[in-house]
Structure formats: structure tokens, C-alpha cells
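Trainee: Throw the hints in and build the complete structure from the sequences for me.
Okay, here's what each chain looks like letter by letter:
There are 2 protein chains.
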Amino acid sequence: MKLTSFSDYSIRVLVYLSINNHKLVQIQEMADAYGISKNHLTKIIYQLGKMGYIETIRGRNGGNRLAKAPAEINIGELVRRTEEDFYIVECFSNNHNSCPIAPVCSLRGIFNQALNSFFSVLDAYTLADITSNSMELQTYLRKPAIEAERIE
Amino acid sequence: MKLTSFSDYSIRVLVYLSINNHKLVQIQEMADAYGISKNHLTKIIYQLGKMGYIETIRGRNGGNRLAKAPAEINIGELVRRTEEDFYIVECFSNNHNSCPIAPVCSLRGIFNQALNSFFSVLDAYTLADITSNSMELQTYLRKPAIEAERIE
Numbered sequence: 644m645k646l647t648s649f650s651d652y653s654i655r656v657l658v659y660l661s662i663n664n665h666k667l668v669q670i671q672e673m674a675d676a677y678g679i680s681k682n683h684l685t686k687i688i689y690q691l692g693k694m695g696y697i698e699t700i701r702g703r704n705g706g707n708r709l710a711k712a713p714a715e716i717n718i719g720e721l722v723r724r725t726e727e728d729f730y731i732v733e734c735f736s737n738n739h740n741s742c743p744i745a746p747v748c749s750l751r752g753i754f755n756q757a758l759n760s761f762f763s764v765l766d767a768y769t770l771a772d773i774t775s776n777s778m779e780l781q782t783y784l785r786k787p788a789i790e791a792e793r794i795e
Numbered sequence: 644m645k646l647t648s649f650s651d652y653s654i655r656v657l658v659y660l661s662i663n664n665h666k667l668v669q670i671q672e673m674a675d676a677y678g679i680s681k682n683h684l685t686k687i688i689y690q691l692g693k694m695g696y697i698e699t700i701r702g703r704n705g706g707n708r709l710a711k712a713p714a715e716i717n718i719g720e721l722v723r724r725t726e727e728d729f730y731i732v733e734c735f736s737n738n739h740n741s742c743p744i745a746p747v748c749s750l751r752g753i754f755n756q757a758l759n760s761f762f763s764v765l766d767a768y769t770l771a772d773i774t775s776n777s778m779e780l781q782t783y784l785r786k787p788a789i790e791a792e793r794i795e
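Protein chains in written order, with our numbering: chain V, 644 to 795; chain G, 644 to 795.
Warning: the hint list may mix true and false statements.
For identical chains, the list gives no copy identity; a pair is met inside one copy or between any two copies.
In silico DSBU-like cross-links for lysine-lysine, where the CA-CA straight-line distance does not exceed 35 Å [said to hold, decoys possible]:
no.: 1; residue 1: K693; residue 2: K645
no.: 2; residue 1: K681; residue 2: K645
no.: 3; residue 1: K645; residue 2: K711
no.: 4; residue 1: K681; residue 2: K666
no.: 5; residue 1: K686; residue 2: K645
no.: 6; residue 1: K666; residue 2: K645
no.: 7; residue 1: K711; residue 2: K693
no.: 8; residue 1: K681; residue 2: K693
Source of the hints: derived by calculation from the structure; they are not laboratory data.
Mentor: Structural data, given as C-alpha cells:
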């Protein structure tokens with residue numbers, strides 16, 4: 644049971660931009676800080692831009708910044724948008740379900756209830772809550788990824 | 644965000660055995676009812692046997708049956724045992740985490756809280772709850788999988 648790497652990396656990007664609030668950040672800088680390929684991050688930033696979370700300024704002095712205040716970026720809403728699907732079990736998908744008892748089975752309802760409960764926790768947090776210790780986060784992000792591992 | 648097919652199919656097997664409570668069930672019969680390969684189900688039944696959920700009687704008149712009463716099979720506990728891991732995001736795994744901010748990031752705590760909330764819903768249900776409409780479930784399981792799709 645895990646989220647896609649798109650969700651995971653999207654949160655990391657937004658955390659990075661949040662603690663560098665007034666700065667235009669290059670993709671390469673985030674790639675170096677997190678040890679994630681620039682190519683991969685470029686695609687993620689493009690998607691986050693389309694979703695309205697990030698603003699990209701083109702040109703030599705350009706870069707990326709948050710398009711909203713951190714307190715306006717809700718974690719539950721973000722994860723709902725970055726996850727591909729929530730097909731906890733096969734019968735969540737009408738198109739790909741092959742389980743013959745789906746029409747009379749209560750399992751889907753129970754898992755739906757569990758999923759709602761999962762999200763009701765995430766809905767209580769915003770990016771501002773996650774980055775409230777921005778000084779500490781910054782310390783770990785200034786060191787190359789490999790160095791940060793050694794600190795632990 | 645999804646469970647493994649092992650969790651999904653494990654529940655289906657236990658549902659089948661629950662509504663055929665006093666009968667020794669052949670793997671082929673369940674494979675036909677659900678449209679899942681016999682090979683795949685054989686592995687699942689072996690694992691569920693090791694976990695103490697299923698009893699397998701060998702020999703010509705043998706078969707499989709529940710090793711516990713349906714009311715004693717808790718869905719939360721079952722899913723905790725059938726899922727490989729709960730690495731919602733990368734930092735849940737101490738061995739495979741590459742995120743440098745993990746030591747000072749509050750995200751893991753928030754996702755842990757969400758995961759606990761997910762399971763507290765599942766913990767409230769047993770196999771007996773899921774199979775309380777056993778007559779209806781039986782109707783759908785008696786038809787070959789392809790027929791059941793047409794009924795919908």
C-alpha cells in the first residue's frame with residue numbers, strides 16, 4: 644500500500660518551494676538537493692504547474708515558485724489530485740473489475756469508508772503545517788543528499 | 644493507491660469459504676467461480692494456511708475450509724498481514740529512503756496518522772460482517788464469472 648512517486652515527489656517539490664518562498668528556484672537545484680533526476684522533476688513541475696500549484700517564469704533569470712500561499716495548499720486535496728486512482732481493491736474500478744460478487748459485496752463500501760477516513764486526516768493539514776520548521780528543513784536541504792544521510 | 648492482489652484475492656477466498664462453511668472446497672471450484680487462475684489461488688491458499696486462516700485436508704475427498712469462525716477473522720488484521728508493506732511514501736522505509744529531509748519532516752507522522760485512521764475502520768469489521776448476506780453472495784458465485792458480469 645503506497646502512493647505513487649508522483650505524489651511523493653510533488654510534496655517534496657512544494658516543500659522546497661515553500662521554504663524558499665520569495666526565490667525563483669531552478670529545477671537543477673531541487674534535483675541536486677533531493678537526489679532525484681532533473682528529467683523526472685521537470686515532468687512533475689510541469690504537472691504541478693498545470694494544476695495551479697506552481698508558477699514557472701521562463702528566461703535566463705527564471706525559475707519556479709509557488710503559485711499559492713502554503714496555507715492554501717491542502718495536503719488531502721493535493722494527494723487526491725496527484726494519485727492516479729484509488730482502486731484499493733479491484734472492484735473500485737467499474738471498467739477493470741472481474742470479481743463476480745461485486746454487485747452484492749459490502750467490501751467496497753467498507754474500503755471506501757476507510758479511504759475517506761485516511762483523507763480526513765490529510766485534509767486537516769496544509770503545506771504551511773509541514774513547513775513550519777522551515778529552518779530545520781533548510782539545513783537538511785542545503786547539504787547534498789548523500790551528506791544528509793550521514794547526519795542521521 | 645491500492646492493496647496488493649494478494650490482499651484482494653485473500654479476502655475473496657475467505658468469503659468463498661465462509662459462505663460454504665461446512666464444505667471442503669476444492670481450489671478449482673474457487674478458481675472457476677472467481678475467474679482467477681488455479682495456480683495463483685494455490686499460492687494464496689498456501690499462505691493463508693500458514694497464517695492460520697485456512698485448513699487444508701489432503702486426499703481424494705480433501706479440500707479447504709476456514710480454520711476459524713468468520714466472526715474471529717478481523718478485516719484490519721487480515722489486511723495488515725497480507726500487505727507486503729505500508730510504505731505510503733519513501734521515508735516510511737528506513738532502508739530505501741533517499742529523501743534528505745526525512746529526519747526533520749513531519750510528513751511521515753501525518754501519513755502514519757492517516758494510515759491508522761484507515762485501519763481503525765477496517766478493524767471494526769470481521770469476515771462475518773462481510774458475508775452476512777451469504778445467500779446473495781452465493782447466487783453470484785454459483786454463476787461462472789462471465790455470466791455474473793452480464794447480470795449487473
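Trainee: A separate judgement is required for each hint: does it hold in the structure or not?
Mentor: Evaluation of the provided hints:
1. K693 - K645: both (24 Å within a copy, 25 Å between copies)
2. K681 - K645: Classified as both; 23 Å inside a copy, 28 Å across copies.
3. K645 - K711: both (27 Å within a copy, 30 Å between copies)
4. K681 - K666: Close inside one copy (19 Å), not across copies (58 Å); limit 35 Å.
5. K686 - K645: both (20 Å within a copy, 23 Å between copies)
6. K666 - K645: This pair counts as within: shortest intra-copy Cα distance 32 Å, inter-copy 37 Å.
7. K711 - K693: within (13 Å within a copy, 52 Å between copies)
8. K681 - K693: within (18 Å within a copy, 45 Å between copies)
Comparing the model with each numbered hint stated earlier shows that all of them hold.
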